[in-house]
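Participant: Here is what each chain is made of, one letter per residue.
Protein chains: 2
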Amino acid sequence: MTRVDDDGLICYSGGVFRTMESTMTKPIRVAVTGAAGQIGYSLIFSIAAGDMLGPDQPVILQLVELPVAMQALEGVGMELDDCAFPLLHSIELADDPMQGFKGADVVMLVGAKPRGAGQDRSDLIKSNGPIFTGQGEAIDAVAADDAKIIVVGNPCNTNALIAQSRAKRIPKKNFTAMTRLDQNRAVGQIARKAGVAPADVHDVFVWGNHSDTMVPDVSLGTVRTGSGTKSVVEAVSADWLGGDFDKTVRTRGKAIIVARGKSSAASAAMSAVNHIHDWFLGTGESKITSMAVPSDGSYGIPEGLIYSFPVKITAPWQYEIVRDLKVDDATKTRMMASAKELEEERAAVADLL
Amino acid sequence: MTRVDDDGLICYSGGVFRTMESTMTKPIRVAVTGAAGQIGYSLIFSIAAGDMLGPDQPVILQLVELPVAMQALEGVGMELDDCAFPLLHSIELADDPMQGFKGADVVMLVGAKPRGAGQDRSDLIKSNGPIFTGQGEAIDAVAADDAKIIVVGNPCNTNALIAQSRAKRIPKKNFTAMTRLDQNRAVGQIARKAGVAPADVHDVFVWGNHSDTMVPDVSLGTVRTGSGTKSVVEAVSADWLGGDFDKTVRTRGKAIIVARGKSSAASAAMSAVNHIHDWFLGTGESKITSMAVPSDGSYGIPEGLIYSFPVKITAPWQYEIVRDLKVDDATKTRMMASAKELEEERAAVADLL
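Here the protein sequences come in this chain order: A and B. No gaps in the numbering here: position 243 of the first sequence is 247 in this note's numbering, and each next residue is one more. No gaps in the numbering here: position 200 of the second sequence is 204 in this note's numbering, and each next residue is one more.
Looking at chain A on its own, in the form it has when it is part of the complex (with noise of 0.2 Å):
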């Protein structure tokens, strides 16, 4: 497309022309903890980009870090201002989520010891709880009324569960934990089997808890090719789904360390992106995605445990559980397995409740 300018220059832009909206529609307020840690670096300036809220929404970035850290944050606030990013309505630094959290519309809790190598996630439940009880009353006492949480953090499930628990005023189902993450590496894998680009495989999902006894599930699942769509299990073999499909998906993590030497970050800080991405403004051509969310006690899952479900989003802001599919009788198995590993994740931090 071109256009002439008031000065009668020609000028070409073949993008959308970025409008006035950015100093029309009103910011968003989102809350990052662990803001200059490695996942918080690779997700902030995504935000900042517009990839998590869309290309028209502004953005205030109110960026948390331990007393430690804050002479790091100044200067990824600087980076920040350097980017000129057109939707980054304005940024704030706190050593303190009471400062940090303040008036925050979505909290992003990131920050956490990260698992080192040869650590499991068991090794950090004790460790992390703590962090997650004042930054459940920091939300309580100063985030704004419908304020939507997305845990990153590790174990990310029971973190939501303690900061749900300090947070009476928030409305229970918006505590959420990234399983998106999982979802997302399950459909890289299946996409890489079946020869097409991810997004050609949509409709699978994880059950569970993000730890290794999560339940990566593709009875819904279809991959599309040049010949048509398929359901997920015409596209693969049942044998792969079962065995390398399964492990690798589950196991993921950990072999990420021993390749990079740290954890995962940039595909972290993608997922959590996608994860408030689809919350707000919906699924696109997915008609599900994984989200941990407080159970109500479907598929026989106890209810309150922060547990990855099949959800749809029906509106902004608005997820229900997909209710009454068929799950076979394996499945079922694991899937109160990694309900069972939650109960005791959460009587392990039941003083922090």
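Read the hints as simulated data drawn from the structure, not as lab findings. Virtual Cβ for every residue (Gly too), placed ideally from N, Cα, C. Mixed in with the good hints, there may be bad ones.
[To be verified] List of simulated lysine-lysine pairs, DSBU-like, C-alpha gap at most 35 Å: (1) B:K172 <-> B:K234; (2) B:K30 <-> A:K234; (3) A:K344 <-> A:K258; (4) A:K266 <-> B:K291; (5) A:K330 <-> A:K176; (6) A:K258 <-> B:K291; (7) A:K197 <-> B:K291; (8) B:K266 <-> A:K106; (9) B:K106 <-> A:K30; (10) B:K234 <-> A:K117; (11) B:K177 <-> B:K106; (12) B:K266 <-> A:K258; (13) A:K106 <-> B:K197; (14) A:K251 <-> B:K30; (15) A:K106 <-> A:K197; (16) B:K266 <-> A:K130; (17) B:K117 <-> A:K266; (18) B:K197 <-> A:K197.
[To be verified] A few chain A residues that face chain B, going by a derived Cβ cut-off under 8 Å, partial list only: (19) A88; (20) P90; (21) N188; (22) A195; (23) A198; (24) P202; (25) W244; (26) G247; (27) A259; (28) A263; (29) R264; (30) Y323.
Given chain A's structure and the hints, the job is docking chain B onto it.
Facilitator: Only chain B this time, still in chain A's reference frame:
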């Protein structure tokens, strides 16, 4: 927007539906060096997310690293898979540019020895130069005939000159270096000072070398406020423009290193994304942007130097240097000093050209 699926379920999607174009549009091949490095790690996920080439353009990422970094690069490749990016057609990893640049439509030369605390750009010229002879030769041998090149690794202007000299097959004007980060820094400073969003500041640019001799120029710059659009010189004080503003923009790289303990990464990556985005898709609401491109002798800048000019994008992958701007004497003096620095850099690497 809501829609009714085949099975009668109502789905919500407030965003644009992901289109099937991703399976129909020919992918663009983008080669990136230093892909597992700090800037690369921010850059490639942003490319895969569609920030650089637009939301409907599939991409093939050809990631290049030193042999010693290939294991880390494998991990990055795994994380890219794990994001299930709809636009990411495929990924190729290589430890040799002769393989990694094969058929590349866009070549982003990011890898270089980073500038450490206390070091300045001139220390890098001799150590980084030889990297770019080999990469220029690989571009000449295997990249697409009309490949577009951006050099990010410093000293980027002179590195671009070196690569260009070894790639006679490729049009000279396709070799560019990144000064968009400097422009973005200038815009960010003005937005903050004027109390507007960066989206409201346009047509600020920089002349010269990506070094502290660069010349930020606000003579065409505008600021949109609640009460209308003003020139930058009306919106902020001349004292500030000639003082803190100028100095902050020119020395920002060092200030970031002091704050973060590392050089700019995400902001450099986002600026590289902006550079290629605008070259391909136009400058949107802005009339011009900054690119370091081969001088055609305009403004008395010696022909052939890779020098930052204000450019207009006239069609996809077509830029034109904006000629015949009125330049005041003080600015002209500084522009020539920056050109002189680039002539000295060229002399220092004469044996490589």
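Participant: Please go over all the hints and tell whether each is borne out by the structure.
Facilitator: Do the hints match the structure? See the list:
no. : hint              : result
1   : B:K172 <-> B:K234 : 45 Å, violated
2   : B:K30 <-> A:K234  : 24 Å, holds
3   : A:K344 <-> A:K258 : 22 Å, holds
4   : A:K266 <-> B:K291 : 43 Å, violated
5   : A:K330 <-> A:K176 : 27 Å, holds
6   : A:K258 <-> B:K291 : 48 Å, violated
7   : A:K197 <-> B:K291 : 46 Å, violated
8   : B:K266 <-> A:K106 : 30 Å, holds
9   : B:K106 <-> A:K30  : 46 Å, violated
10  : B:K234 <-> A:K117 : 48 Å, violated
11  : B:K177 <-> B:K106 : 20 Å, holds
12  : B:K266 <-> A:K258 : 27 Å, holds
13  : A:K106 <-> B:K197 : 24 Å, holds
14  : A:K251 <-> B:K30  : 34 Å, holds
15  : A:K106 <-> A:K197 : 46 Å, violated
16  : B:K266 <-> A:K130 : 32 Å, holds
17  : B:K117 <-> A:K266 : 22 Å, holds
18  : B:K197 <-> A:K197 : 53 Å, violated
19  : A88               : 4 Å, holds
20  : P90               : 3 Å, holds
21  : N188              : 4 Å, holds
22  : A195              : 7 Å, holds
23  : A198              : 13 Å, violated
24  : P202              : 4 Å, holds
25  : W244              : 16 Å, violated
26  : G247              : 18 Å, violated
27  : A259              : 7 Å, holds
28  : A263              : 3 Å, holds
29  : R264              : 3 Å, holds
30  : Y323              : 10 Å, violated
Hint compliance for this structure: hints 1, 4, 6, 7, 9, 10, 15, 18, 23, 25, 26 and 30 are broken, all remaining hints hold.
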